[in-house]
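Now for the letters of each chain:
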Amino acid sequence: MSGPNTNFDPVRVAALEPEALEEAVSTALAAAAAAAGLDELKAARSAHQGDRSPLALANREIGALPPSAKAEAGKRVGAARARVAEAFATRQSELEMERDARILVEEAVDVTLPTGRRPLGRRHPIELMATRITDIFVGMGWEIAEGPEIEAEWFNFDALNFDEDHPARQMQDTFYVAAPDEVVAHGQAASSHDGGHHDWPSSGLVLRTHTSPVQARALLERGVPLYVACPGRVFRTDDLDATHMPAFHQVEGLAIDEGLTMAHLKGTLDRLASEIFGEGTTTRLRPAYFPFTEPSAEMDLRCFLCHGTNPDCRACKGMGWIEWGGCGMVNHNVLRACGIDPERYSGFAFGMGIDRALMFRTGVSDMRDMIEGDVRFNAQFGMEI
Amino acid sequence: MRVPIDWLRDYVDVPAGTTAQQVAADLVRVGLEEEAFHGGGVTGPLVVGRVLTLDKEPQKNGKVITWCTVDVGAANGTGEPQGIVCGAHNFEAGDLVPVILPGGVLTTPQGPMVVGARKTYGHVSAGMICSELELGLGEDHDGIIVLTRRFADDPEMLARLEPGADAIPLLGLDRETVEVNVTPDRGYCFSIRGIAREYSHATGASFTDPVVDLAEAAPAATDDGFPVRLEDHAPIQGRAGCSRYVARVVRGIDVSAPTPRWMSQRLVEAGMRPISLPVDVTNYVMLGLGQPLHAFDAATLGDAIVVRRAAPGERITTLDGQDRALHPEDLLITDGGRTPIAIAGVMGGAETEVGAGTADVLVESATFDPVSIARSARRHRLPSEASKRFERGVDPELAPAAAELAVQLLTAYGGGSVDPGVTDVGTPRPIVTVDLDPDYPARFVGVPYSRDDVRRILTEIGCHVEEVATTGGPRMRVTPPSWRPDLRTAPDLVEEVARIDGYDRIPSVVPTPPSGSGLTHGQRARRIVAEVLAGQGLTEVWSPPFVGDTRHRDLGWDPQEARARTVALANPLSEEQPLMRISVLSTMVDALVRNVARGAKDVGLFEVGLVVARDGEQRRAPTEDVGILPSEDTLAAIHAAIPAQPRHLAILLTGDRDRAGWWGGGRRADVTDVIALAASVAEALGVETEVRPADDVMPFHPGRCAALHLADGVLLGHAGELHPKVVASLGLPARTLAAELDLDRLIAASEVTVQARDVITSPVAYSDVALVVDETVTAAAVEASLRSGAGDILESVGLFDVYRGDQVGPGRKSLAYRLAFRAPDRTLTTDEVSGLRDRAVAEAARVVGAVQR
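Chains as they are written, first to last, in the numbering used here: chain A, 1 to 385; chain B, 1001 to 1853.
Hints in this document: simulated from the structure, not taken from any laboratory.
Given the structure is predicted, the values throughout are model-derived calculations rather than measurements.
Be a bit skeptical, because a hint or two may be false.
[Stated by the list, open to error] Just a few of them, taken from the derived set where beta-carbon distance is under 8 Å, the chain A residues facing chain B: (1) L113; (2) G116; (3) P119; (4) E151; (5) H332.
[Unchecked claim] Ranges of calculated distance between the beta carbons of each label pair, as one might list FRET restraints: (6) A:T115 x B:R1692: 34 to 44 Å; (7) B:A1311 x A:R314: 56 to 66 Å; (8) B:R1451 x A:G259: 12 to 22 Å; (9) B:V1752 x A:R376: 37 to 47 Å; (10) A:N310 x B:N1181: 23 to 33 Å.
Here a beta-carbon is modelled for each residue, glycine too, at the ideal position from N, C-alpha and C.
Looking at chain A on its own, in the form it has when it is part of the complex (with noise of 0.2 Å):
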């Protein structure tokens, strides 16, 4: 594509000037624009770039000039290269952009469709609530004891200082553990020391109608100062319905120390309230009767829904307190039958129900549905209540 040869000693070429060169570099500079598509800047690129390329021939022209000319046509020819090769690299990484964000909106899913194919489970809410309440007695520095649920008489009632023959015992609707077999046999009737309690001979054991025992079993494991609380099932000979189980939840507490007093037990009661069901929730506290502990006391929460302002208040029917548990000061007989003395030491011991937080805490309202494992119930709470 050599320019006509008008003259014997090549001192010009034609495809070397600077109009041919820049009537190339635009041609090339408009075909790398008008490229639609990666592909078609491919073809191009071949075109204008390639070896066959107008640009490409009169490089090898230059060849052709004297020595003196050479600098200048080749410094020409290269910025044209240049000037193509930017303008390509630029078109390039333009498409490039363009088919990339082209994709991701072509790879675009509805993200609203259904994932459930392997639904998370869920803990039982009753669970919830005795762990979140555990924690916070742990958080206070308490630690956290445990019995079994099968319990023998002794750690149930007598350490407790519920005497054999004394009304108390009777307000427990106790399941007893029937007696061995062979006592059975052999017609071994009730001691007397079982005191007419029941038609059936005494196995020593039964079914703890509360937590309490387990302040007995921890006085005489752990020793004092002794604080410790311990949640559980419970048992009364209760028939299921809306408003009772035959087995429930409690959480006992028990602290015995050098100089506790009625205001530690009202002091933690208050930061419990608050803790479990909001700032500010206080308590307050009744005379009331339990043989474990004396004085005794009944124990309301302030309602933390309505905070007594409420007359159709679901939680407290209007009352402003909900009765929450039982509470008082270590009875010394307590004491005594732990083997601890109660000149030098006193504490206090609470008791109430998880079942109950749960229910009015979330609205609860039928006990049966905290019973029957609808895997429905739980999917309603988190893992955290």
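Add chain B to chain A, keeping to what the hints say.
For chain B alone, coordinates are given in the frame of chain A:
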């Protein structure tokens, strides 16, 4: 205890206009919690009306209604007769009747009902003529109340019956009763007298003890009273069954004389049924003062009353007509020591009951031992009003005063004369004094009570307080009042101080325990187990631990063997479920059945709970008296008798493990899923487990059950598919999967600190190998042989294919493994990898007969 406010006013100054709610609020402060309110449900206008005209109008529906005009005076604002349609027919023109005018409110079983004027049977009926039922006065709904008849024998009331007069006070409908719960330590509050005293403590209202005057009026004992002998030769715990027996005799009484209206009204309000004058009087005195009384027909008594224990084989027919076998511990009232005529303090006998022919009545006012009465009442299942009071302790000073009130009331309303002879025998137990350090209440409660506060409060509740000096310092020697047998120790007195001063005065102080050590390893581990399973899609449940033989049989267990591992309840809720569970699965299956019955298909459940694992003979757990630390031997025997109760984890799985959805079909849960879930728990606790086939473990499918063992061989439990028979008998979905592990064993094994190994960063080399083995060879055995053959450089073994078919022949299977090798210190060469693989294959060939394909 039901407390009619009107009765309460007899003994304590309840301010006029005080509502039952206010009384209850005051009583709760001193520890008497309200249970219910009664009365006060009708609000006016309820007035006296005189029936002027009365027309019977038969209706199309067959009913005959009565169209009346009634003069209600000026009560309706116009003075014109009120037109009222009435359904009753027991009245006539001229009768005085109670009329509720529009705007009045009645209490119905459905709740309060506002009475209005309404069109009915062609008339506008403006109000209602009321029956007993409608006013809450009784059950009678057949007719309306005719006031002239109701008060026929009461001229004073008749005089007040003017048309337009307010009928609410006339009918006692303004009377309110508050029902309070009396705790077992406060027997004296089972009386209006006791409640009045507490009301006074709560409010400061002036209290007048009725017993003071009565005790003064009661004549002293004489020698010629009716002979009573106390002959208790077998006291319980050394306490005489009867410590005091007062007897008074009234002769020539008219037992048919009506009980005065005020008394029967109070009895009804207090929840008792009026019966006859003598019975009503004894009940009235009991409710008012707290002393249970018994009235005997004196004519049926012989020469003396003897109080003694029952003899073996003795029987009595009680007032309720029951013939009862007596127990040698039962305390009896006997006729001259021969025939039993009452179970003391519990129930009288039929023979000596006061009846229509009775003319002479002996009133028994006695103090019986709480324990003796409590045992008899429970033994004979006779929790009577009397026994309820005796077992909580009756004021021993009360007997003569109560007898005096009874004879006063009997003679006032039944006539007759009181014998001058007064019996009062026995030795009341002395009241025990308590020495109280005057600073102790402040120290124990945390309120700075002064010594004066303590003395004032104790005196206020009836204690006698004397200052004494002891070696321990100054003390208050406190003699509790006779009605407070519960005040026996210093803390008992502290409670009184705190209670009367007010529990609301106790400050709130958070104690500072010595720092605790947080949750135990086991407690943390249990949380992890539950969270790992919930995280894998299982829902936590809990089930009551009660089972029976049928369930054990359904699970494929021998019921007798199951019983030998557990204990039975003496008083189960259901005779079908008398046993405590030995397996969590055994009770948890009910939750799965329930979920499936309610429409769930893909269900995964888990439960963590205690089971019984009794090992050896069941032994009796000793008991001990209260307040005593048992001996070491006794404590050991107590512990030994409590059966082992390990904590188990159980899992149930049915339906799809991966659910079907828009993405395609689901994947049905299979045995690998439940094994994986069980193993995941161990893995989460960092415990290595070994899975072995278990072909004979009910309730599992013999070919689809894995036993999970710890590295040392200890069995953790089983996971697998339930046996088809079990599935069928329990009504479970086909191919239900289950697992049950001993969580205690797992947790015990997890309490080990892991020793970390360095992470190797040199490159990994893979080599695949297919091995043909007999069907009976387990994957675990093949893998174990590969590992032992290749040695430590073998990093992992992955089974990626199992093939059965022509190419391997019948009874054989091909297992394809990818072996990953990594040396700690270098890049392995191809030759080294081949060599290691060959050694692994050679070992598999040697141990399990594997042939490389």
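Status of the hints after comparison with the structure:
1. L113: Hint holds; L113 of chain A Cβ to chain B Cβ min 6 Å, cut 8 Å.
2. G116: holds (6 Å)
3. P119: holds (6 Å)
4. E151: Holds. Min distance 7 Å.
5. H332: This interface hint holds because 6 Å falls under the 8 Å limit.
6. A:T115 x B:R1692: 34 to 44 Å: holds (38 Å)
7. B:A1311 x A:R314: 56 to 66 Å: holds (60 Å)
8. B:R1451 x A:G259: 12 to 22 Å: Cβ of R1451 of chain B to Cβ of G259 of chain A: about 20 Å, so the range 12 to 22 Å holds.
9. B:V1752 x A:R376: 37 to 47 Å: holds (40 Å)
10. A:N310 x B:N1181: 23 to 33 Å: Given a distance of about 26 Å, which is inside 23 to 33 Å, the answer is holds.
Violated hints for the displayed structure: none, as all numbered hints are satisfied.
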